[in-house]
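Undergrad: Just so you know, the sequences run in chain order B and C.
Using the numbering used here, read the first sequence as starting at 1428 and increasing by one per residue.
Using the numbering used here, read the second sequence as starting at 543 and increasing by one per residue.
Keep in mind the hints are simulated off the structure, nothing from the lab.
Treat the hints with care, since some could be wrong.
[Unchecked claim] The calculated lysine-lysine pairs, modelled on DSS-like cross-linking and capped at a C-alpha distance of 30 angstroms, are:
id : chain 1 : residue 1 : chain 2 : residue 2
1  : C       : Lys-642   : B       : Lys-1577
2  : B       : Lys-1577  : C       : Lys-566
3  : B       : Lys-1552  : C       : Lys-549
4  : B       : Lys-1552  : B       : Lys-1687
5  : B       : Lys-1756  : B       : Lys-1793
6  : B       : Lys-1483  : C       : Lys-566
7  : B       : Lys-1620  : C       : Lys-642
8  : B       : Lys-1620  : B       : Lys-1860
9  : B       : Lys-1552  : C       : Lys-566
10 : C       : Lys-641   : C       : Lys-775
11 : C       : Lys-641   : C       : Lys-566
12 : B       : Lys-1483  : C       : Lys-642
13 : B       : Lys-1860  : B       : Lys-1836
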Amino acid sequence: MTPAIQLDHVSKIYRRYSGRQFATLKSALLQRSILKDLQANEVFPAMKDVSFSVPKGATYGVIGRNGSGKSTALKLVAGITKPTSGTVRVDGRISALIELGAGFHPEISGRENVFINGIMLGLSKREIEERFDEIVDFAEIREFIDAPVKTYSSGMYMRLGFAVAINVNPDVLLVDEVLAVGDEGFTHKCLDKFAEFRRRNKTILLVTHSLGMVERFCDHAVWLDHGEKMGEGDPRRVVDLYLTAVEKSEDEQLASATAKAVAAAAPPKPAAAAPDGELRNMFEAVEGRWGSREIEITEVAFLDSNGTASFVFHSGDPMAIRLTVVAHKPAEDFVFGIGLFNADGVCCYGTNTFIEQMDPQRLEGKVTATFAIDSLDLVEGTYKVDAAVHTCEGYQYDYHRLLYTFRVKSRTPDAGIYRPRHHWSFSGAVSFKDEP
Amino acid sequence: MFSNLIKLFRYRGLIQSLVVRELKARYRGSVLGFFWSFINPLLLLSIYTFVFTKILPNRNPLAQPYAVFMFCGILPWNWFSASLIEASGSLVSGGNLIKKVLFPAEVLPLVNVLANMVHFFLGLIILAAFLIVYRHWPDPAGLIWFPVTVAIQLLFTSGLALFLSALTVHYRDIRDLLANLLTFWFFATPIIYPWQDENVKSYQWLLQWNPMTHLVVPYQEILFFYGPVGHAKWLLVLGALSVVQFLAAYWFFDRLRDSFAEAV
């Protein structure tokens, strides 16, 4: 059986013209650069040697970061742009849900726009007449169908655009993130329509950032990054691979951001003396570092369960915060403190060795202090950390304010800050469908 | 290129509905609606009549009644100039279609040319009414040339429209330059003065390089002057050149086609 969509070693190079906004003929004539201006002088490879094929009746999801070439892939399949090299073959009528209502003219009525849009999408007048009622009902705008579309709300506009595009009755449906817009009810309707398409054995190519949708709906996933195919196969596996890669790059980003923050906060020489006895308000969300540096925190690291430094953790994982501390002279009065803050600056947790009733005895040379969390029960988000060494009275040796950042990842989009360990139980006639 | 030209023929349904949309959208929301298509030329012709018979009487014996003479040239000129102005911006303003929908870009400038052709035809109705009022009858034998002239103008204008629309994607100031050029071009075309006039004779060698001359003069000969269409051979030469020009313009358009989605 021939596949519905086949990309064979497809590359796409976007050309950019002179890096200018818009050239003018005047300047082109004055600079004698007409021919040069019409030549592209900057190239941007949006897709590099990508091959995949979608069998008839399958639902494929394309995932990847912004700028990874997902939308380019869809445009190539739709025929809106041509590949620079390689071939794209599509078998059957295509309908592309790339931009809904792109062809609508604001001045004329919804009814007329439906006809023109339908013709643009390859229907004949008679076919549109047959489907007209279905389209209008799907879009739920029967009472406004004869008003000019410029009077439509953006939701009505999109619903009508979607209704036309989906009623073209394509063999191959291309969907680009259009479901991100529209209210709950409409999104459900769209999903129902997709399900119906699948039942009728139509081919769907879906580009989305919603990984959950890829896992739920797609038979197969393709992961693109920087225009290259990084992997394809079972959606769960590909999504996991993708998430791992995203975490890795986030990790690198956080590492460099943290290094920058620490470098910025550290004056070349230790500050002469701390503002004596003055306890800085720890709820005041300002980054920085202060203290006398008689005892100095030289490094703060987040460790995962293997003891390797990381910046991205999963909710529920163990995590440790390790302070490397150098005492320039032996001390007998010292307290180690830790504070966790979320992105809004809310203190999620704060503690120190003093309030946990550890009586200091002696600190000398280079040591480490590790604050280990058995289970990081926080919801997804970015968290900042305070690390401090001070005396029991509050004299600051070294206070690192919000200089360290880590990220918590979670597959559950739950709300709040803290995720208590929990489970659900039910009695009576309550049942849930198994995951497909 | 030729396969694209054949595809263009397949899109005639789309072109047709877009022309209708263009015409509808233009007058939507105005009280008189589609009647503006009649009222505009009617007002124009009434003003010409008043100005050139009462205020600034034009006594050129070749061109009487003068307002009607002028109108014969103005109508095809308006079709020509409005088409070019609108078509030159058509790809830029239709950018959404080109970028987001599988859409044959050449349809956009052609729709502008065709919509203005419809206006031209509506203007002809007003012209016919005035010819009847003035009892100024054209030669029925010459009318055979009318569809030929219209066809050649359509081809000539379409070729230019394709060329300009593609170029405007890359040079946005073409629309402004074009507006100035068209003013100049208007006076270089025998619209407000008759080609056969004694004063014009000495400049004919220059004006004959203007292709619009060979469209406007036949219109005047067909619709206004009684007698043979003497300019027919020039018209046919222009027709042949228009075919070449259209193919060249289409080739140019086709070459730049892939840049549209990226540059608009």
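Undergrad: Now tell me, hint by hint, if it's right for this structure.
TA: Checked hints:
Restraint check for Lys-642 of chain C and Lys-1577 of chain B: the C-alpha separation of about 20 angstroms stays at or below 30 angstroms, so the hint holds. The suggested pairing of Lys-1577 of chain B with Lys-566 of chain C holds, with an alpha-carbon distance near 14 angstroms, which does not exceed 30 angstroms. Restraint check: the Cα-Cα separation between Lys-1552 of chain B and Lys-549 of chain C comes to about 18 angstroms, which is no more than 30 angstroms; the hinted pair holds. Between Lys-1552 of chain B and Lys-1687 of chain B, the direct Cα distance comes to roughly 63 angstroms. Violation of the 30 angstroms bound is thereby established for this hinted pair.
Proposed proximity of Lys-1756 of chain B and Lys-1793 of chain B is supported: the alpha carbons are some 10 angstroms apart, at most 30 angstroms. Our distance criterion of 30 angstroms between C-alpha atoms is broken by Lys-1483 of chain B and Lys-566 of chain C, whose separation comes to about 42 angstroms. The suggested pairing of Lys-1620 of chain B with Lys-642 of chain C holds, with an alpha-carbon distance near 22 angstroms, which does not exceed 30 angstroms. With a CA separation close to 21 angstroms, the supplied pair Lys-1620 of chain B and Lys-1860 of chain B stays within the 30 angstroms bound.
A threshold of 30 angstroms between alpha carbons decides the hint, and for Lys-1552 of chain B with Lys-566 of chain C the separation of about 18 angstroms falls inside it, so the pair holds. A threshold of 30 angstroms between alpha carbons decides the hint, and for Lys-641 of chain C with Lys-775 of chain C the separation of about 44 angstroms lies outside it, so the pair is violated. Distance check on the hinted pair: Lys-641 of chain C and Lys-566 of chain C sit about 25 angstroms apart at the alpha-carbon level, within 30 angstroms; holds. Simply put, Lys-1483 of chain B and Lys-642 of chain C have alpha-carbon atoms about 24 angstroms apart, close enough for the 30 angstroms limit, and the pair holds.
Distance hint between Lys-1860 of chain B and Lys-1836 of chain B is fulfilled; the C-alpha atoms sit about 26 angstroms from each other, no more than 30 angstroms.
The structure shown violates the earlier hints numbered 4, 6, 10.
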